[in-house]
Amino acid sequence: MTDVAIAAKSGEGLLKKRMASLSSSFSYDETAYHLPVSYALTGIAVHDPATAADAYTRAGDNPIIATECLLAQSAAGKEKEPAPYTGFVGDTVLRKLGYSLVDGSILGLALLVGTPQNAGLAAGICRELQEKYMLTFLAGKVVPALLENGIRLGPEYRLIPLGLTNAHGVHFVDIIARVAMMFGGIAPGDAGRLLTYAAERAKAIVIVFPGLSDEDIALVDAMRVLGFPIISLGSYTSDAWITVTPVDAVRRGMETKGIRVTVTAIPIPMACSPAFEGKSIRKEEMYVEFGGGRSPAFELLKMRGIDEIKDGQITVIGPEIDAMKEGSAHPLGIIIEVAGKSMKKDYEPVLERRIHNFVNYGEGSWHVAQRDIIWVRISKEAVAMGVKIKHIGRLLASKFRMDFPQLLDAVAVTLITDKEKVLAAKKEADNIYDERDARIKEMRDGDVDTYYSCTLCQTFAPNHVCVITPERPALCGAISWLDGKIAYEISPAGANQPIGKGALINAQNGEYEGVNRFVKKASHGEIDRCSLYSVMEYPMTCCGCFECIALMVPEVNGIMVVNREFKGVTPSGMTFSTLAGTIGGGAQTPGFAGISKNYILSDRFLQGEGGISRLVWMPTQIKDELKVRLVKKLTDQGNAGFFEKIADETSATTLEELCAFLDRVQHPALAMKPLV
Amino acid sequence: MGFDLRFGWTGPIGAVTLGATRSEGGTRRVSYRIGGGTTLPFLEYNSSHSSPLIAFEICDNPVFWPPIVRNYCGDLVNNVEDWAKTADATYGADMIRLYLTSTRQRNFSDIPAMGKAVEAVLSATSLPLIIEGSNEPNIDSEVFQRCGEVAQGERLLLGTAEANRYRSIAAAALAYNHSLIAQSPIDVNLAKQLNILLREIGVQRDHIVIDPYTGTLGYGFEYSYSAMERIRFSALKGDTDLAMPMICSPTDTLTIKEVREAESSVQDEMAATWEFYSGLAAAVAGAEIICVRHPETVPRLKEAFRSMKNGTGSAQVR
Numbered sequence: 001m002t003d004v005a006i007a008a009k010s011g012e013g014l015l016k017k018r019m020a021s022l023s024s025s026f027s028y029d030e031t032a033y034h035l036p037v038s039y040a041l042t043g044i045a046v047h048d049p050a051t052a053a054d055a056y057t058r059a060g061d062n063p064i065i066a067t068e069c070l071l072a073q074s075a076a077g078k079e080k081e082p083a084p085y086t087g088f089v090g091d092t093v094l095r096k097l098g099y100s101l102v103d104g105s106i107l108g109l110a111l112l113v114g115t116p117q118n119a120g121l122a123a124g125i126c127r128e129l130q131e132k133y134m135l136t137f138l139a140g141k142v143v144p145a146l147l148e149n150g151i152r153l154g155p156e157y158r159l160i161p162l163g164l165t166n167a168h169g170v171h172f173v174d175i176i177a178r179v180a181m182m183f184g185g186i187a188p189g190d191a192g193r194l195l196t197y198a199a200e201r202a203k204a205i206v207i208v209f210p211g212l213s214d215e216d217i218a219l220v221d222a223m224r225v226l227g228f229p230i231i232s233l234g235s236y237t238s239d240a241w242i243t244v245t246p247v248d249a250v251r252r253g254m255e256t257k258g259i260r261v262t263v264t265a266i267p268i269p270m271a272c273s274p275a276f277e278g279k280s281i282r283k284e285e286m287y288v289e290f291g292g293g294r295s296p297a298f299e300l301l302k303m304r305g306i307d308e309i310k311d312g313q314i315t316v317i318g319p320e321i322d323a324m325k326e327g328s329a330h331p332l333g334i335i336i337e338v339a340g341k342s343m344k345k346d347y348e349p350v351l352e353r354r355i356h357n358f359v360n361y362g363e364g365s366w367h368v369a370q371r372d373i374i375w376v377r378i379s380k381e382a383v384a385m386g387v388k389i390k391h392i393g394r395l396l397a398s399k400f401r402m403d404f405p406q407l408l409d410a411v412a413v414t415l416i417t418d419k420e421k422v423l424a425a426k427k428e429a430d431n432i433y434d435e436r437d438a439r440i441k442e443m444r445d446g447d448v449d450t451y452y453s454c455t456l457c458q459t460f461a462p463n464h465v466c467v468i469t470p471e472r473p474a475l476c477g478a479i480s481w482l483d484g485k486i487a488y489e490i491s492p493a494g495a496n497q498p499i500g501k502g503a504l505i506n507a508q509n510g511e512y513e514g515v516n517r518f519v520k521k522a523s524h525g526e527i528d529r530c531s532l533y534s535v536m537e538y539p540m541t542c543c544g545c546f547e548c549i550a551l552m553v554p555e556v557n558g559i560m561v562v563n564r565e566f567k568g569v570t571p572s573g574m575t576f577s578t579l580a581g582t583i584g585g586g587a588q589t590p591g592f593a594g595i596s597k598n599y600i601l602s603d604r605f606l607q608g609e610g611g612i613s614r615l616v617w618m619p620t621q622i623k624d625e626l627k628v629r630l631v632k633k634l635t636d637q638g639n640a641g642f643f644e645k646i647a648d649e650t651s652a653t654t655l656e657e658l659c660a661f662l663d664r665v666q667h668p669a670l671a672m673k674p675l676v
Numbered sequence: 001m002g003f004d005l006r007f008g009w010t011g012p013i014g015a016v017t018l019g020a021t022r023s024e025g026g027t028r029r030v031s032y033r034i035g036g037g038t039t040l041p042f043l044e045y046n047s048s049h050s051s052p053l054i055a056f057e058i059c060d061n062p063v064f065w066p067p068i069v070r071n072y073c074g075d076l077v078n079n080v081e082d083w084a085k086t087a088d089a090t091y092g093a094d095m096i097r098l099y100l101t102s103t104r105q106r107n108f109s110d111i112p113a114m115g116k117a118v119e120a121v122l123s124a125t126s127l128p129l130i131i132e133g134s135n136e137p138n139i140d141s142e143v144f145q146r147c148g149e150v151a152q153g154e155r156l157l158l159g160t161a162e163a164n165r166y167r168s169i170a171a172a173a174l175a176y177n178h179s180l181i182a183q184s185p186i187d188v189n190l191a192k193q194l195n196i197l198l199r200e201i202g203v204q205r206d207h208i209v210i211d212p213y214t215g216t217l218g219y220g221f222e223y224s225y226s227a228m229e230r231i232r233f234s235a236l237k238g239d240t241d242l243a244m245p246m247i248c249s250p251t252d253t254l255t256i257k258e259v260r261e262a263e264s265s266v267q268d269e270m271a272a273t274w275e276f277y278s279g280l281a282a283a284v285a286g287a288e289i290i291c292v293r294h295p296e297t298v299p300r301l302k303e304a305f306r307s308m309k310n311g312t313g314s315a316q317v318r
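If you read the sequences in order, they're chains A and B.
Residue numbering for the first sequence is 1 to 676, as defined by my numbering.
Residue numbering for the second sequence is 1 to 318, as defined by my numbering.
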């Protein structure tokens, strides 16, 4: 075993001695960056022993600079490296290479250095790097080993043999230094920014085989400061180098550096696109179905450790589709396990909801509802094209990876069709649903310091700003606080931005300095104040997507709610669409607010006006939809019986009828503080 | 004038340099520095600020071009070099915008020919160029790489980056020091988002020109106008992510019903009139580059810009 720290120290000493022996002048051809590492780190154009010594000292006896100078000197005056070796890579080629990096056609860079234990092992690693769109540079005896094994080398194979010695690995660093100067706008000599650029932007890893001399170890170990993970396959001992088995080398390196392979096409025998999301599969078109009250079925998404699952693994437990009779119903369990550095347990339910969209993306697959009430169908047409249960798994695994590239590093899908096993797994799932409900239920606006904005609708409502809190979803009902949080993490420049709520201005209305500041800016200066829980004073602006409108009815001292689906005339004398036309477009209209349906169930609903007791009228459709949850909530609050006091279109269609109804039931709003 | 034309605005529009003369490392006879404004256009009489540039659009495969231009220009459209020369010398354009329409053919793969087309136009005219590459993800990478490479040093304006398709163009701009067009679908926030994405990938602000997407006057231009107004106001109020010059190309003007169905004797007049008014409106909204396809539009716009700039109020437009 070689101790890296000791070897590097000795190597640094040896390099320092050799630096003193530099004699003649030297330079690279076809570059405007002199000796690129020296130039990038120190700003010194090295071309003779004196300038070399200056740069070397200035960079704190850096072994990379030493290796660069020594290699340049030994190459000076000689012919170019013999084929297939490239030696120093000129600027023109480099520009193309940098292009591919920015363009995304290569995902990252790898350096393989040393003498592999056997050629097959190195070949396997190269193949994996090729498959993962990495551009690989080779230095040392790894090159002849690959050639002997019949591996083709060259830029077209994304395998570039730099040179026969390990020291040629320094070209890997000079390439990255030049990419930083050409593409990153890093000024020569700005070592600080260079290191930041290398660490954050250069997606580079180093894989080390045995056979490194002390000098080579000093060189490779010095690359750590550039943020390259050093993946070791040799007998080196070091806290800083990552020792792995050959099969894990590429995966481990890419994961450590955060290089992600993006999925582009889904290999299943049916089309898959959001275009199919709206289609349904009718009974006659259906080959087989799952759940929907006909058989037990559920879906669950769980977070796992990165080492606990294998990315892209699809497991089907129980009969496949060919063992199912046409027109039959079968049990189904969909279990999605995901892992990722920035994945959090809180995201599970949000991601789980995407199963619905993704299954519907399949041309021949259909999905409704969620959790343990799902209903899934696969069409005859799809089955005729060869679609199997496992393809639904493939579809899900691929879509999750595609849509959440920043969040997920691995997705594994298990589909259970065996009845006993579905029932057993469903029990576990039910526990998890309960835990989640408890967690979400306890989430209060006061528990967090950060809310999220949504300005998606500014396309047509230019000054509209939604402020999304745990207890107040976006007015369209489509984006919860968690959704906003995840959307921001996935797309930091997107339409959902964090809002620090800042100092409290008015607790009852839910007005905060930070929110006001944000809304002022995001509304392009149009809106100065925004109270989160009030309809009457500085209500939130409305785009046009609101699920419901809450509006004051001054005659009865209350507030009514009307949902989008309600087509009739409300007691205010207006229909939903007339009202929507009056308040939308990004305006702030005191007395009117756009809200989501779920917000009606929130403790913050109408808080500014004294709470839900202000609610006087709401169409039957939404009353039915919310009834179970709302009655339970009211009962818990000791307000049982209030639900019946809310009028609807069957009890009141005009203002007069509404007044009479409210009088008759002795609605509490009548006795509350005057609204206006 | 008795009032402040700057309205307390703080942020100037950033400048972008297009084209490079010999002394600047290119081969153009002129280079332009666009942007730099501190208020809305045409407000200041006799301003030292330059008028919008007029870019004449040509293409390397006229099958994809409006018939009215093909008829007017005749054989020229089959020879991209002659077309470019004529646009420069006869039509009086300030820039040439070359669309590599060949790339729109099914299964197109002759990438080297695209490099040659760019080189041909570079030698046919010494005006600064705008190059519109492919819009097919499979070949974008190669096409932009090639265009960027053959014109290294010429400071092209490359088009067109969109939110889901910007990496190849950004890469070409970065690798060969060109600028690029960032197009968003008539939406101030999306325009900003794309500029941020471009910045994150490494494109400097002074290499970005915003294309807010331009509808034809009467066919959606009012949306473009509103988006442009908002982009410019945000920029002037200090939002540096939107403080870039704008380019407008109301290309649909030549295919609208009024032009298509006009009597053949007045068709060119009709086409140029629609293009003129759409372009003029875009200039008033703040665009620094106006793109046109009908040769007769060029002198009309020039005359209008001149009279508006001098404040003579004598713009006689037909």
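No wet-lab data here; the hints were simulated from the structure.
Honestly, I wouldn't trust all of these hints.
[As the list claims (entries may be wrong)] List time: in silico SDA-like cross-link candidates among lysine to any residue, alpha-carbon distance up to 20 angstroms:
1. A:K310 / A:I266
2. A:K96 / B:T240
3. B:K192 / A:I490
For clarity, every value in this text was computed on a predicted model and none was experimentally measured.
A quick look at each hint next to the structure:
At most 20 angstroms may separate the alpha-carbon atoms for a hinted pair to count; A:K310 and A:I266 meet this at roughly 18 angstroms. Under the criterion of a C-alpha separation no larger than 20 angstroms, the hint pairing A:K96 with B:T240 is inconsistent with the structure, at around 30 angstroms. For the given pair, B:K192 sits about 17 angstroms from A:I490 by alpha-carbon distance, which is consistent with the 20 angstroms threshold.
Checked against the numbered hints above, the structure violates only hint 2.
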